[in-house]
Amino acid sequence: MQESLTSGFEQCMKCSICTEVCPMMEVNPLYPGPKQAGPDALRYRMLDSSFFDENLKYCLNCKRCEVACPSGVKIADIIASAKLENAHSAHALRDKMLASTDFVGSLASPFAPVVNGVLSLGISKSLLDSTIGVSKHASMPKYSSPKFVSWFKKQQASQKSFGKQIQYFHGCYVNYNYPQLGKAFVSLMNACGYGVSLLEKQKCCGVALIANGQKKQALKNADINLQAIGKANAPVLSTSSSCTLTIREEYGQLLGKDTAPSKEKFHLAVKWLYEQWEKGAVKFAWREDFKMKAAYHTPCHMQKLGYQYYSIELLKMIPGLELSVPEQQCCGIAGTFGFKKEYHELSQKIGSKLFSSLKATGCDYVITDCETCKWQIEAGCSLPVLNPIEVLARALDIEKTKILNNNEE
Amino acid sequence: MRFDYIIIGGGQGDALLGRELLSKGKSCALICQGRQSGDNSREAFRKAGGCLFMGDSVDKVFYSEDGSRIEALCTENLGSGSLLVADTYILCSGRFFTRGLCSDMDKVYEPVFGADVQFEADPSLWCRSDFFCRQPFEDFGLVCDEGFHALKNGKQIENLIVAGDILCNGQNNIESLCKSL
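First to last, the sequence lines map onto chains D and Y. Note that our numbering gives residue 176 to position 176 of the first sequence, counting from 1, and the numbers run on in steps of one. Note that our numbering gives residue 1135 to position 135 of the second sequence, counting from 1, and the numbers run on in steps of one.
Hints may contain errors.
Incomplete in silico selection of chain Y near chain D, CB under 8 Å [stated by the list, open to error]: (1) Cys1074; (2) Leu1084; (3) Thr1088; (4) Asn1169.
Computed list of chain Y residues with no C-beta within reach of chain D, every gap over 12 Å [to be verified]: (5) Arg1002; (6) Lys1024; (7) Ala1029; (8) Gly1049; (9) Cys1051; (10) Ser1064; (11) Glu1076; (12) Phe1097; (13) Asp1139; (14) Glu1158; (15) Glu1175.
Hints were generated in silico from the structure; no laboratory data involved. The structure displayed is predicted, hence computed values, not measured ones. Backbone N, C-alpha and C fix where the C-beta goes; we use that ideal spot for every residue, glycine too.
The shape of chain D in the complex, shown without the other chains:
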C-alpha cells in the first residue's frame, strides 16, 4: 500500500460524513461503510492482513466519500488498495473475463453482429448467469465492427496534413464497443484545426482490472500506457472520465507508479478543449438548426476529478441545447459491478434514484462522460445517452468552425 494512504488515514477525525454520501450504505446493511472499511480498519490491517473483511467487496470505488471528506483522506483508495491486495472472488473466471476488455473485445469485435445477437438471447443470458455468474438481467454492451482503430487507419493520411496535432487515447470502449464516439472526436478536433493520431501501443487503462483484483495485468497496462504517454510529442486526450481518473490518479495511488510526467500531457478532452477556447486558441460556430433537450449526469469519477464544469460550460455554449443538471448521484454500475449476478439488484437499487431524477427533467437525451454510466442509464431510463464530445460534434457547424480556426486541411 502506498505511503500516502498509510499515513494519510490519521487525518480522519471520525466525522462520518463519508457514510452519509456512500450509495452502498443506503441499500446494503452488510457493507461496513467507508469510514469503518477505510481508515478505521486500515490500522488493524496494517498489523495483520487477516483483519481484511470480505464485505469490502461491496465498495463501488465511486469516490463520493473522498469528495465529501473535509480532511482529504483517500478513503476509497484505502479500500481499493486493501481489496487489490486481499480480495478473493468466488467467480474468478467471470471477473477475469469482465476485466480483460482488450482480450474479450478483440475476440468479439470481428463477429460483432453474431456476438450481439447471441448475447441478447434469453437462453444465452441464463447460461452465463448459471455458469460463470453474469447476471441474466443485465444488458451487455454491444460490440461493434469494424473496430475504431480499423476505421481510423483509413483516415491516418489526411490527419497528418494538419499543422497542429493531438494524440487520442481511445481506450477499449471506443475501440470495440462505440467507435462513433471516436469518430465524433476526430471530426470535432479536425474542425478545431487539430489533426489526430492514436497514442501508440495503448492498452485498456485497467480500471476494470483494478476493480477485479487483477493487479499483475493492471501493472502491465499501466507501464505500457505511461511509457506511451511519456513518448508522445503532443497532448494526449481521452474521452472517458474513468480512463482519465485511472491514468492520472489511480496509477499513482493504487499501483505505485510515478504519474507526474504523464499528468503534464494526459487530459480529458473536454477540459483541454475548454481551456483552448478560453485562451482563444479554438473557436466554435454552432448550427442554427440544432435542437436538443438534455440532462447532464455527472459521473462519480468526473466529480472526483472536479472536471464536470468543463463539460457543462462547453455544453452551455450550444445555443439550441436546453440543459438541466440534476444533483449528482451514483448510477450504481461501478464498471463491471452491475453485471455481476450477486450485485445486479444492489446496482439497480442504487441507480433508481438517479433514474427518477433524470426522467423528472423531461429530457430527450442524457449526456455523460462515462461509458459505464451510459450503459446503466440507457438500461434504467430507456433514454439515449451521449458523451459531451458527441453532442459538441453534432451541434457544431463544421464548415464555419473550420474557417474560424483557419483550418488548412
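Keeping the supplied structure of chain D fixed, place chain Y upon it in accordance with the hints.
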C-alpha cells in the same frame, strides 16, 4: 475559468454567501474541501447556478507584481495549468476544524494566502486547563481593515475579503450553538 467571485469555503456560511451573490446576478465559484453533515446549502448554491468545486483545495495563488492583488488560483484537482480567475476572492474557510486556520507548536497561520493572523505569542497561554471555559485560542483569527480586506505582512490585499468565523474575535458558532441548546 472566470467568475465575479470565488469563495474559498469551509466555513458555515460559505454557500449562503455564494447564493446571496448569485441572487444579485454575480457569477460565483465555491471551492471547499468537503461536505458538512446535514448541510444542503452547497447543493442549493449549485442549483442556483454556482460552480461548486467540492473535495478540492487551493494549491497555488498568483499575485500581482506588487503583491497587492490576487490574479488567479490553481486547485489541487484541476492542476497547475488550469487557472480560476475572479474579480474578488472571499476567504470564508472557517477556523481550526475546517482548516481555515492551522497551527504548529509556536504559531497559528492561515494556510492558503498566508494572511495575517492575530494570536497569542506565548503558546502556553493558548489554552486554559478548565476544558469548559472559553479558550483563548477561540479568539485567534485573521485581522482585516475596515473594508474586511485581508492583510498580508500588514499590507492590504485589495481583492481578498474575509468573512465569517475565520475573523479574529468574530462570531463563534460552536459557542453560539451550545448556548442555544
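- For this structure, which hints from the list above don't hold up? 1, 2, 3, 4, 5, 7, 8, 9, 11, 12
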